Each structure stands twice: as structure tokens, then as C-alpha cells.
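**Student:** Kindly produce the complete structure, drawing on both the sequences and the hints.
Residue numbers (my numbering), protein chains in the order written: chain A, 1 to 248; chain B, 1 to 299; chain C, 1 to 299.
In case anyone wonders, no lab produced these hints; they're calculated from the structure. From a predicted model like this one, the values you see are computed outputs, not experimental measurements. Hints may contain errors.
Subject to a maximum C-alpha distance of 20 angstroms in a straight line, what follows is the list of computed SDA-like cross-link-like pairs (lysine to any residue) [what the hints assert, rightly or not]: (1) K196/A / F22/A; (2) K3/A / A241/A; (3) K165/C / P114/A; (4) K123/A / P102/A; (5) K117/A / F185/C; (6) K72/A / I60/A; (7) K92/A / M290/C; (8) K118/A / H160/C; (9) K165/C / D145/A; (10) K123/A / A136/A; (11) K165/C / R109/A; (12) K193/A / A241/A; (13) K107/A / M290/C; (14) K269/B / R157/C; (15) K15/A / T41/A; (16) K92/A / T41/A; (17) K165/C / P105/A; (18) K103/A / N183/C; (19) K107/A / F64/C; (20) K165/C / R75/A; (21) K214/A / A241/A; (22) K87/C / L283/B; (23) K117/A / G134/A; (24) K167/B / F150/B; (25) K114/B / V266/C; (26) K114/B / D113/C; (27) K269/B / V266/C; (28) K3/A / E63/A; (29) K52/A / H160/C.
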Amino acid sequence: MLKVQNLHKQFGGVKAVNHCSFEVEEGSITGLIGPNGAGKTTTFDLISGLMKPTEGHIHIKGEDVTTWPAHKRARAGIGRTFQAIRIFPEMKAIDNIIVAFPKHPDKLRDVFTPTRKKREQLKVKAMKLLKDVGIADKAHLNAGDLSYGQKKLLEIARAVATGADFIMLDEPAAGINLTLLNQIRDYILKLNKEGKTFFIVEHNMQFIMDISDKVVVMDQGKEIAIGKPEEIQNNPRVIEAYLGKKKE
Amino acid sequence: MLEILPQIIWFSLLASAIYALVAIGLSLIFGILEFINFAQGDFAMVGAYLFFGFVIEGGLPWWIGIAMVVIVAALMGVVIERITFKPVRKSPPFIPLVISIGVGALLQAIMIFKFGGSVKSYRTEGSKAEVYKLFGDTLSVTQSQITLMFVTAGLLLGLYLFLKYSKTGTAIRAVADNQDVAAILGVSINKTIGIIFAVGTALAAVAGVMIANEQNLSITMGLSLGVKAFAAVVLGGVGSLPGAIVGAFIIGFSENFIVGLTPIPSSYKDAIVFGLLIIMLFLYPNGLFGAKAEEEARA
Amino acid sequence: MFEIFTNTNYLLGFFNNVAFLILLGLSLNIIMGYVGYLNLGHVGFWAIGSYTYTILLMQGHDFFVCLFAGAIAAAIAGLILGLPTLKLRSHYIGIASLGFTYIVHSLSLNLTDITRGPLGIPGIPRPTIFGISFQPNHMYFLLSWAVTIVSGIIIYRLLHSPWGKILETIREDQVAAKTLGKNIFLYKIQAFIISAFFAGIAAGIYSSFYQYIGGTNSFFIPQLLLLLTIVMLGGAGSFWGSVVGAVIVWIMYEGVRFLPIEAGLVGPVQQATYASVLVLIMIFRPRGIMGKNVKILQK
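**Tutor:** Structure (C-alpha cells):
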């Protein structure tokens, strides 16, 4: 599904991502962990096209997308959420979802053609998505007025609405309670069963080890270990990366 | 061609000094509060009119006039900051920016109330400026131009020493670097921002006096000055004071050389500078010298 | 009897003004309120539309041809300003677009062969369409409102379409909008062109209403302030906000004329009024009367 080769991103003298390579298999749930500042979010930004790499290549479904702009990659099936939630706060929750559908008739030429029927269908689809994540009753509130957890659910639902089959979640478990956490886990597992591939950055070890088929560990911009969760937990380099960090 | 060169260079120096004075205030405010103060050019306009009021109408000696302009402008800067910008310090940056447009327009209206809308000049009838002829008459320099150049140099040097060595200057640099950290270290943010406005407004006001000494005074004279000063800030890299001064020299020299050495009429001078500014912003969004890669945002 | 007659004419004049101001406010709101960009170049579009319309009309071309040509000319200007600036970060688009207004203003004063410079163009006719003369005020009132309402319906439809929703996502968070597969640069350019187009339409009905355009004080800062106040007072991101804003702004404008002040001070008092209202709105209620809490100029 995703193949990252020799990916490198330099800001001035700082190597945020340092010649990093790994793969995410189709249909898998892959975790991406590492201490703070390891370059996880930058890697996400590089994959989704919000930043251009200094070196290296990114392949999605066998296609080299390294030079593609972000919106083109999104249309190719890459969806994502953000560590600092990025919803559209002054728009209704349901509209946050509706604008994400690929079939949303949002071309300028669509303005003066009849799209009412299509829009009604999208509304129904959006309501179903909101119901799936359990915030259907909030559909007509401004997204900015939702609680933190509800915003997170909305953002995940929005990524799903794009029709993406490769979804990247940046810290889905951070800052939410256990009930919500289980809800999000169940939702991810359900979508995974329906064939969607997940790539998840997370600090909550129990959550990530529990859900992932495979885990990629990054430290100082480089992948230092790749393997099954149980292998990763016993890998001395990983333990060193985390404990070494803690000692400081 | 060559015989007009000394005169072009002198005019370029004068223009550069004026832009530098305005650009420094702009850069200080942008560096700390992260908004473009569109009223900066109007601060200069107010300075020009204050000098007119004190010296030409009021009959005060010029050096008291300059001192009064500096003091009144500094106070004005502090008051404007307290009333209009302080309440919105935590708001998104477009809010103080739009406010500054309003403040500029308000200052223009107030100056019309006080001085009338007609074009004014420092040169009173019958008075003759003392002119020095240099380089075999190819360069003429007036007494007042020299005086104002010295005043500018003195102010810039004073500002440099102030920022580098005084306690307040250190505080300003600390706040510019990181407001939250500076606050924890016990720097008074309010006081520091007040001082920045006082300094920035006073410098702009002196620039206004300089420009009015060369041209006439008009209510809308601040606009082109403000945009050019901003161009200087962007050229030199946002947040860098030496950069702003270098930018001011680039603009001062290029506009005078374009007008002096090409057949383009001088009335197009500003339009050309702004056209170049738009192109430059497009080509170098971080300024010519301010390419800070670590500030790269998600594009 | 006579009093009623003057009253009617006065009211017709009032609503003719409101008509083109609504259209100018609505068109600027597309960019400021929906896309979330501070565009200070709208006055430039207005000027380009006005000159194009007027010059063609005075050559005897058909009214609708001239109106459309003015709008197209403004739209092309929108494209020219939009292409280099819409990828700019945050504040820079504000300064670049202000530079644009300045350039257009400066050209309108200097290209005397076309614009008659500071003299302006007097004697602009009002059209005759299908043999019906729209010369009298009440007839022109019908025409300008017909144009405004038709344009307003189109703008309403645009803004409330799925296309308009994407504009709002750009205002809310353009990074997120990109990750949803939206080519936001395309939307921004489309919005910029459409916004400029309708400014050009408004410019046409403005020109034939006053039957005079140009002069040193037109298409410049006072007009910019007027438009900003309409949009921000009514509320950025609200269609009806701009309509309400235009009405209130013009009531303030006319209200000043009834104050017991000398004629020469009317302009400055009007400017001071808008400036103060703009500053107060931004400090105390940046969402205006009925707008949204929009984040113009996100980083």
C-alpha cells in the first residue's frame, strides 16, 4: 500500500526525517511510534503531501507520488487526521463531513446545474457516518462547539468520508477517556475489516500494541525497528530509545 | 549621465534614511505582535504636520520642534497601543491589522481638522534654503538635509545602543524572541510593547519631518511611505532590524536610480516600487535575506 | 409639493448609492468572509471596472456590453493580482493588494490620455435600453436595483452552493481542505475572479449614477475604508451582513451631512466616523452584526 524509501527532510541544519524507509502492507493496521521529536508528524506531512521531502521517494499503491500535490494524493486515497485537530469550526458538523465526499458537487460548473438530489443523498450518507461514530445528534451544531472527543470522532469520520482506503491517524488516543478510546478502537477495527489500511501515530503503548499488526519505531528521524508488536516490545534498541530519552 | 550621479546618490541616501526610520518601527511591531501596522506611514504623516505646527506656524526653533515631535509622537504611540491594540493582543493577527487601517484613517481625519486639507510646505515664501554646491556644482545639498541626516544617524545609533546595552533593550529582544518565556523571566510585556510603540512612532515621525522637508505635506503622504517601509522589512527578512535598514537602502537607491537614469517619469516611481514588491513577494516569500527554512510551514 | 419632490429625489439618490455599495460589499465578502483573505485591492477592481465601462459607454457602445466589459476587465485584474498573491502567506497578501490599489490609483492619475488624470471624466451618460431612457433618477433607480438584485441572486447561489462550502473550508483550515482532495488554489483563483467581476458590475452602475468618475480622492483610501467597514460591520462570512452593512454605512455617511459643520469638514468627519466604527467593531465584536468568527489570514 505505502512504500517509503530513503525519505529525508531537513529544516536548515535539523534532520527531522533522516533517510527513513519502511512499508505499510495493504489491509494492515500499522503503528508508528517513537519518542517526542522523532519525526513522526513530519513523516505524516511528507506522506500526505503537505511538505516536500529533501530526498527520497514515496509510493502509494505502486505509484510514485513524491512530486504530487497534497490534494492529488488525497484523491488517490490517502486520508488523514491531525495531532492538533483540524476541523472546520464555523461549519456544521454534518457539513464537515459532506464537503469531504469525493462526489460532493463542488466544481464551479456545478453551481448552476441541478444537484439537489445528489446533495440529499450525500446528506443521508453523512448522517450515517456520524451515526457510526456516535455523534449523529450533534449533526447540526457548529463543529467548533463539539467536545474535544467529539471533534476527534468528527475528524476521523471526515477522513473516512473522503473515500480513502489508506487512513493515517495522528494520535487518535491522546487526551480522551477510556470509553471513547474503546469506541475509536472498535471503529478502526470495523473499518479495517471492511478493507481499509491504517497507519497510526500513537503514544499510548497499550492501545497501539493491542491494535497493530506491525509497528514501525522511529528515533531521531530514522526507523530503528520494524516488526510485530511483541517483537518490538522486547527490542533492546527500542527500549534504549525510550528509556534513554527518559533519563534526560 | 555621469554628472547627475552624485545628486542621485544623495537623494537615494535621503530616501533610504527615511524608509529605514519607518521600517524599523514596523519591524519592531511585526517582530513582537506579528501584525503589519498599516498606520506606520500615518505616524510619519502626523510627525510632518506636528513639525509644521510647532516650527512653521508656532515659530519654535527647529531643534525644539524636532524634540517636541519625538515626544508627542512617542506619547501618541503609547496611547494608541493602549486603547486600540492592547485589547486585541490575543486575537488573530488580521484584527489588529484592520484596526491599524482604521487608526491610520482616523489620524488623517484628525490632521485635516487641525491643519485643513490643503497641501502645505515647510518652505515659507521669501525664505531661501542654504545650499552647498559640491563636486563642481553637480551636487547640491541643503543645510536642512545635512542636519536631518545627522539627526537620523544619531537616532539609529542611539537605538542600536539602546537595544544592545540597556536593560529595556534586552527586554525588548527577549519579548521578540519568546513572549511567554520573557514573561516568566519577569519582563513586563505591557511595558515593553508600550516602549516599542513609543520608539517606532517617534522614529516614523522624524521620517515624516524629513520627507516633508523634501516634498510638500499632504494628508495621504503616509500610505506610500508605509508600503515602501514594509517592502524594506520584507526585503531584509521579517524580524531583522539590520535587514530592515538594508532593505530600506535597496528601495531608496533603486527607486531613485530608476527615475534618474531611465526615461520613466517620476510620478510612476511608487507604482514601480509596489509592482516590484508584489513580484518580489511572489518570488521570495521569506524576503531576500530572510530565508529561514526552519520556519517552513505546511505548504 | 416641492419638498416631497426633493425628498423623493433624495431617497432615490440614497438607494442608488446603497445598490452599488451592496454589490461592492457582497463581492468583497466573497474573498474576505468566505475565502478568508484580506483583500485591500478591491478598490482597484472598482476603478478598473469604472474606467472601462465609462470609456466604452462614451464611445457609444451598448449599456450591457459596457457593463459586461467593465466586469471582465476587473475580473482580468483579479486574475493578475490573484495569481502571484494567492499563494502568499498570511499578512503579505494584505500589503500586496494594498500596493495594487495604490498602483491602479497612481495609473488613474497619470495615464491622462485615457483617464484625464486628476480632472476625472464628467458627463457620463445614463443608458437608453430598448428605447427606454434611464436618465431620470427614478428610472435609474430601477435599473441599478435590477442589476444589483440579479447579481446578488447569483452571488447568493454561488456562496450557498457546494462550491461556496469549499471556500468556507479554505477560510476555516486550508491545510485540512487540501487533505480532503480539494485543489484550493483553483478555488481561490475562481473566487478572486468572481469577486472582481462583480466589483466591475457595481462599478458600472456607480459610474452612470454619479455621471462622473476620477479625481485625486476617488478609488483610494476613503473608498477602501468604506468597503472594509461595510463588510466588517455587517459581518464577514454573512451574505445578508454585507447588505445590512451597506445600508448602515450609507446612513452614517448621509447622517454626517446633516451635522452643523462646515462643508469642508464633511469628508473628514465621514472618514473619522467609519474609521472609529471599524476600530470599535474590531475590538468589541469582530464578527460584526451577523457574521461568523472568521479567521482571516491564517498562518
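**Student:** All hints, please: hold or fail.
**Tutor:** Hint check:
1. K196/A / F22/A: At roughly 19 angstroms apart (the allowed maximum being 20 angstroms), F22/A and K196/A satisfy the hint.
2. K3/A / A241/A: Roughly 24 angstroms between the alpha carbons, so the hint for K3/A and A241/A is violated.
3. K165/C / P114/A: Roughly 16 angstroms between the alpha carbons, so the hint for K165/C and P114/A holds.
4. K123/A / P102/A: With Cα atoms ~13 angstroms apart, K123/A and P102/A stay inside 20 angstroms; holds.
5. K117/A / F185/C: 28 angstroms, violated
6. K72/A / I60/A: 12 angstroms, holds
7. K92/A / M290/C: At roughly 17 angstroms apart (the allowed maximum being 20 angstroms), M290/C and K92/A satisfy the hint.
8. K118/A / H160/C: Roughly 15 angstroms separates the two Cα atoms, so the pair holds.
9. K165/C / D145/A: It holds: about 19 angstroms lies between the C-alpha atoms, which stays within 20 angstroms.
10. K123/A / A136/A: 12 angstroms, holds
11. K165/C / R109/A: 14 angstroms, holds
12. K193/A / A241/A: Violated - the C-alpha atoms of A241/A and K193/A are around 33 angstroms apart, more than 20 angstroms.
13. K107/A / M290/C: 28 angstroms, violated
14. K269/B / R157/C: Violated, at about 43 angstroms.
15. K15/A / T41/A: 13 angstroms, holds
16. K92/A / T41/A: Given that 20 angstroms is the threshold and the Cα spacing comes to 28 angstroms, the pair is violated.
17. K165/C / P105/A: 10 angstroms, holds
18. K103/A / N183/C: 15 angstroms, holds
19. K107/A / F64/C: 28 angstroms, violated
20. K165/C / R75/A: Holds, at about 18 angstroms.
21. K214/A / A241/A: OK: K214/A and A241/A at ~18 angstroms, within 20 angstroms.
22. K87/C / L283/B: 11 angstroms, holds
23. K117/A / G134/A: Given that 20 angstroms is the threshold and the Cα spacing comes to 26 angstroms, the pair is violated.
24. K167/B / F150/B: 26 angstroms, violated
25. K114/B / V266/C: OK: K114/B and V266/C at ~14 angstroms, within 20 angstroms.
26. K114/B / D113/C: This hinted pair is violated, its Cα atoms lying about 36 angstroms apart.
27. K269/B / V266/C: 32 angstroms, violated
28. K3/A / E63/A: 9 angstroms, holds
29. K52/A / H160/C: 34 angstroms, violated
Hint violations for this structure: numbers 2, 5, 12, 13, 14, 16, 19, 23, 24, 26, 27, 29, all remaining hints satisfied.
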